[in-house]
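Novice: With the sequences and hints as input, model every part of the structure.
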Amino acid sequence: MIEQAKEKAIEVLKHCAKPKGFYASGLPRGYQALWARDSMVTSLGASLMGT
Numbered sequence: 002m003i004e005q006a007k008e009k010a011i012e013v014l015k016h017c018a019k020p021k022g023f024y025a026s027g028l029p030r031g032y033q034a035l036w037a038r039d040s041m042v043t044s045l046g047a048s049l050m051g052t
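Each residue of the sequence shown is one higher than the one before, counting from 2 in the working numbering.
Honestly, I wouldn't trust all of these hints.
Simulated pairs of lysine-lysine, DSSO-like, Cα-Cα distance not exceeding 30 angstroms [stated by the list, open to error]:
hint, residue 1, residue 2
1, Lys7, Lys19
2, Lys7, Lys21
3, Lys9, Lys21
4, Lys9, Lys19
The hints are simulated quantities; they were obtained by calculation from the structure and are not laboratory data.
Specialist: Dropping the structure here:
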């Protein structure tokens, strides 16, 4: 179960990753904006992915 959660989290990160940062939402009708604070926190987590 933990491995599935990790794989899903990586999938979401890849979906939200944009050239200038991470979108605030990965949903089709979600909030498509970049926030510096959220991008920085997400980047910290993404840096631990190992990919």
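Novice: Failing hints, ascending?
Specialist: none
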